[in-house]
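Undergrad: Number 419 in UniProt numbering belongs to position 419 of the sequence shown; there are no gaps in the numbering.
Hints should not be assumed to be uniformly reliable.
Stated by the list, open to error - Pair by pair, the computed Cβ-Cβ distance ranges are: (1) GLN658 x SER429: 51 to 59 Å; (2) GLN658 x HIS615: 36 to 44 Å; (3) ASP318 x ILE449: 34 to 42 Å; (4) THR450 x HIS615: 51 to 59 Å; (5) ILE449 x GLU385: 27 to 35 Å; (6) ARG314 x PHE633: 46 to 54 Å; (7) GLN674 x ASN591: 15 to 23 Å; (8) HIS285 x GLN674: 56 to 64 Å; (9) GLY388 x THR450: 39 to 47 Å; (10) LEU581 x ARG314: 38 to 46 Å.
Stated by the list, open to error - Below, simulated EDC-like cross-link-like pairs (lysine to aspartate or glutamate); rule was C-alpha separation at most 20 Å, straight line: (11) LYS468 x ASP310; (12) LYS527 x ASP399; (13) LYS348 x GLU239; (14) LYS445 x ASP427; (15) LYS465 x ASP453; (16) LYS529 x ASP705; (17) LYS465 x ASP427; (18) LYS463 x ASP399; (19) LYS465 x GLU441; (20) LYS595 x ASP629; (21) LYS237 x ASP427; (22) LYS487 x GLU539; (23) LYS468 x GLU419; (24) LYS468 x ASP399; (25) LYS465 x GLU452; (26) LYS529 x GLU239; (27) LYS468 x GLU452; (28) LYS584 x GLU385; (29) LYS527 x GLU364; (30) LYS650 x ASP710; (31) LYS463 x GLU282; (32) LYS527 x GLU709; (33) LYS660 x ASP710; (34) LYS340 x ASP310; (35) LYS348 x GLU328; (36) LYS527 x GLU282; (37) LYS487 x GLU282; (38) LYS273 x ASP427; (39) LYS463 x ASP453; (40) LYS273 x GLU361.
Hints are computed from structural coordinates only; laboratory data are not their basis. Keep in mind it's a predicted model, so treat the numbers as computed, not measured. Positions of the beta carbon are idealized from the N, C-alpha and C atoms, including for glycine.
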Amino acid sequence: MIPQRSALRFAQRSAPVRSALQRRFNSAQSKIPSWAVDNEFNRERAAVKHHAASTSSLWLKLSIFAVIPCLIGGGWNAYSQWNEHWEHWEHMAPLEERTEYPYQNIRSKNFPWGDGDKLEQQCQLPQQGQGYLDSSTWNQDYTDSRKRRTLVAHHYAFQSFLYIFNPFALPSTIKSSAKFTHLWFWLSAGPATRCTYIVYTTMTSRPDVLIIGAGPSGLVTALWLVKQGISVRIIDKAEADVTTSRALAIQARTLELYRQLEIAEDVVSNGHKITATNVWSEGTHRGRIPIGDIGTGLTPYPFIHIFSQDQHERLLEDRLNSLGVQVERHRELIHFTENKSTITARLKVTGLHTNGDDNVETCEATFIVGCDGARSTVRHVSGVEYDGATYSHTFFVADFEGSGPSLNGEAHVTFNQSEFMLLFPYDDSSRGRISGAIDDETAEKDTDITFEDVAPRMEETLKLKIDKLNWFSTYRSHHRLASAFRKGRAFLVGDAAHIHSPVGGQGMNTGIGDAINLAWKLSAVIKGKAGLSLLDSYETERRAFANQLVNTTDSGFNAVISQSYFARTLRTYVLPYVAPLLAKIDYVRHNVFRKVSQIMLDYRQSMLSAGVAGHIHGGDRMPWAPVGDRDNFESLKSITWQVHVYGEPKPELTRWCQNKSIPLHAFRWDAQYQTAGLQADAAYLIRPDTHVAVAEPSGSSERFDQYFEDIGLELL
């Protein structure tokens, strides 16, 4: 049974007592941020101890902890028992209203549950039970006054009942400000042989970063920030995650960075590797281009990988949920204003049961990140231009199931005089997605274009038999670039900043790269380790690449869809025969893979890049160079600054790393490192996003000190 909203609001209003388990990992590299919802400790077995408990013992302990906080200050805590054999008992939802107050860290010396477990807790006690609204005297020794997002988790089980407590001892100021004078507690009934006691409590309201949009770019932004201990709030106006595939290709560079989020292997195991691309022309198969592990030796992920966006988003959101953050749906950004040190956003609640003034709320945050697509409200409110144009052609995309020689687990592309089609498989059997340009005659119809308008040509050109249509849509493609990626405390990421043709599967991957580039810089600024000027490098580094990408894909796309005599002749009589021959040349294959996979991306012109050692420049992606069972990318799973030395590190460099608390990874010299472009005994300072910051050939640390001084970033 889900509680009434009014009861939840009362519970929140009457919650000046901040009582929750202190996160065990409260350092900058914490995987569990201190603001995350408390059921994260359900996953951290070292933090909450399993033990035998009788029903009577459970009742006694829960009674003590449920009643006493209410008596001393109107606080609300719901404690629940979890029997490991019960499933599907948890429900978690955000509260619409927010509270904010400072809190302090204290250590409980005899926390009376778990047989005397010594656990840390965060607690803020109002003096003399004055309640939230009237309380002016707080415990003074608090360590962090940042306001954090309010969440409450409520629970139910197969054998549960509702316990109603009338808080007669609550201060009158609290009782008069609430619609109801009761608190709701959920207690799982029945005997328990082994159980875990979990605390659920309201949290302070203001997030460090407000993220608008919960597509891949928004979810990755949130994940990276959360992994660095930064509080976020992420909203999306959509009802739920997508059920249709849009972007498909996950490039190698994205998979490398996904190792830091511990999801790379899940993406690979649940997706599909493209082993070859087949070239068709005028309904005839002209050639086959083997792909396989086309990037062997360049990356741990040397293949072209297909992973549908609906699965992709679910995986990202599940990972975010496991870290204690929920996407708040049915919420839309209306407007925001920037203050001296924060932004204030007005959000419209678009779900059911909202009317009048209740459907607009205000959210304050330190920064706002717009991941809200090509029609970005963040970009519009910021007054940033979105220069570019719309292609004249109309395109279609269809998800389907069928049969035929083209549904063999490989990619297929057609080059005809009048049309272009591209087929990607989801697996080795019958599922695929096909996209292409609609001919002018069909596009000029007075009625809406339907699947029946394009299906006959699809089946004829690619020798398909379509049995079931799962999804069909038409669209216009654009090529546009925002005039700025940053405006004060507002940032644009993904399609909100750049959009281009779907050729090459670059759009979503570029947006994910934007998110990761921005997230570590926001983290450094929010933690007070760097000034706002560090954030200027986001636009410098990412806009240059996006501009190059828009121009490159625009040229390629025009060649594919152009109706000029030269273009039609090229794609009909030249490309189908020449492309398979060129693909047999290793140099061509590797260079194409470097560009498509985005492992060639560098920031050499950035203010954050310095030096050169061997063939590696500051700003380059750290090259992958496995030797035996030693993988130099293994250490890059940590979102942190680190130093690599391939050879012998100098003693003074070792001391410098120890003093700065920077991990130093030394690799015994091998010829493989020279092949990768690395220099023996040189020191490579690596950024949290795995790009080289400084390549120092001498192996000394002096340049590192100067580097951090120049960019205004502190390590400690």
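Undergrad: Give a verdict on every hint.
TA: Structure-based check of each hint:
1. GLN658 x SER429: 51 to 59 Å: holds, 55 Å
2. GLN658 x HIS615: 36 to 44 Å: The hint (36 to 44 Å, Cβ to Cβ) is violated, given that GLN658 and HIS615 are roughly 29 Å apart.
3. ASP318 x ILE449: 34 to 42 Å: holds, 36 Å
4. THR450 x HIS615: 51 to 59 Å: Between THR450 and HIS615, where Cβ atoms are some 54 Å apart, the hint holds.
5. ILE449 x GLU385: 27 to 35 Å: holds, 31 Å
6. ARG314 x PHE633: 46 to 54 Å: violated, 26 Å
7. GLN674 x ASN591: 15 to 23 Å: Distance hint for GLN674, ASN591 holds at roughly 21 Å.
8. HIS285 x GLN674: 56 to 64 Å: The hint (56 to 64 Å, Cβ to Cβ) is violated, given that HIS285 and GLN674 are roughly 43 Å apart.
9. GLY388 x THR450: 39 to 47 Å: Distance hint for GLY388, THR450 is violated at roughly 29 Å.
10. LEU581 x ARG314: 38 to 46 Å: holds, 41 Å
11. LYS468 x ASP310: holds, 19 Å
12. LYS527 x ASP399: Outside the cut-off at roughly 45 Å; violated.
13. LYS348 x GLU239: holds, 14 Å
14. LYS445 x ASP427: Not OK: LYS445 and ASP427 at ~35 Å, beyond 20 Å, violated.
15. LYS465 x ASP453: Within the cut-off at roughly 15 Å; holds.
16. LYS529 x ASP705: Cα-Cα ~15 Å, so holds.
17. LYS465 x ASP427: holds, 17 Å
18. LYS463 x ASP399: Between LYS463 and ASP399 the Cα gap is close to 16 Å, so the pair holds against 20 Å.
19. LYS465 x GLU441: Cα-Cα ~24 Å, so violated.
20. LYS595 x ASP629: violated, 28 Å
21. LYS237 x ASP427: violated, 31 Å
22. LYS487 x GLU539: holds, 10 Å
23. LYS468 x GLU419: violated, 23 Å
24. LYS468 x ASP399: holds, 9 Å
25. LYS465 x GLU452: holds, 13 Å
26. LYS529 x GLU239: violated, 38 Å
27. LYS468 x GLU452: holds, 12 Å
28. LYS584 x GLU385: violated, 44 Å
29. LYS527 x GLU364: holds, 18 Å
30. LYS650 x ASP710: With Cα atoms ~23 Å apart, LYS650 and ASP710 exceed 20 Å; violated.
31. LYS463 x GLU282: Answer holds: LYS463 to GLU282 is near 11 Å, not above 20 Å.
32. LYS527 x GLU709: holds, 17 Å
33. LYS660 x ASP710: holds, 17 Å
34. LYS340 x ASP310: Measuring from Cα to Cα gives roughly 39 Å; hence the hint is violated.
35. LYS348 x GLU328: holds, 12 Å
36. LYS527 x GLU282: Distance ~60 Å between LYS527 and GLU282 Cα, so the pair is violated.
37. LYS487 x GLU282: Violated: LYS487 and GLU282 sit about 50 Å apart, past 20 Å.
38. LYS273 x ASP427: holds, 8 Å
39. LYS463 x ASP453: Between LYS463 and ASP453 the Cα gap is close to 17 Å, so the pair holds against 20 Å.
40. LYS273 x GLU361: Violated, at roughly 45 Å.
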